[in-house]
Amino acid sequence: MNERGFELSPVFCLHNGAVLLNRNKNAITFGLLDSSNTRIRRRLENAANIEKINHGKVNFIPLSREEFNRHISEIFSKNDDCSEQKKEEEKNRAENEAAALLDALIGNACSSGATDIHIEENLVRFRVKGVLQKEIELSGER
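For the sequence shown, position 60 matches number 704 in the working numbering, and the numbering has no gaps at all.
To be clear, the hints were calculated from the coordinates, so they are not data collected in a lab.
Careful, some of the hints might be misleading.
Below 30 Å or equal to it, Euclidean Cα-Cα: the simulated DSS-like pairs (lysine-lysine) are [said to hold, decoys possible]:
(1) K730 - K669
(2) K669 - K731
(3) K735 - K701
(4) K701 - K669
For each label pair, taking beta carbons as the anchor points, the in silico distance ranges come out as [as the list claims (entries may be wrong)]:
(5) K730 - S680: 34 to 44 Å
(6) E733 - S708: 32 to 42 Å
(7) R771 - E732: 32 to 42 Å
Ideal placement from N, C-alpha and C gives every residue a C-beta, glycine not left out.
From just these sequences and the hints, can you work out the full model?
Written out as structure tokens, the structure is:
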């Protein structure tokens, strides 16, 4: 557990359709795009219990794609005051996360039947059945 507590990386969130919504001493709440996905539910429960966060109280809330994208955008836009070491670690990890983000976007595009991907400043759209659909909008700070 780091100084800020249990966290999920943006790449993990995008790949698994899961975000951390709330945590306190009694419980932890995750939002899921597919709340029936038992594999990801088990992984999150195990991770929370390993970190001894909440003595086993894990909640899951279904999220719409729009709600999920809003939470992802917030994760990417966090601009916390970090120590120099944390900033250096983040810098070293940025390239790998960018590659993983791209892999996740390509995977999402394939699974949704997209024929092409449009990356425009902070907006990613997929063309599905000839129509451009917004996939995710990131804040301009990251």
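Taking the hints in turn, this is what the structure says about them:
1. K730 - K669: Given pair K730, K669 holds - Cα atoms ~25 Å apart, limit 30 Å.
2. K669 - K731: OK: K669 and K731 at ~28 Å, within 30 Å.
3. K735 - K701: Status violated; Cα separation ~34 Å.
4. K701 - K669: With a Cα-Cα distance of about 10 Å, the restraint between K701 and K669 holds, given a limit of 30 Å.
5. K730 - S680: 34 to 44 Å: With a Cβ separation near 36 Å, K730 and S680 satisfy 34 to 44 Å, so the hint holds.
6. E733 - S708: 32 to 42 Å: Given about 33 Å between the Cβ atoms, the range holds.
7. R771 - E732: 32 to 42 Å: holds (39 Å)
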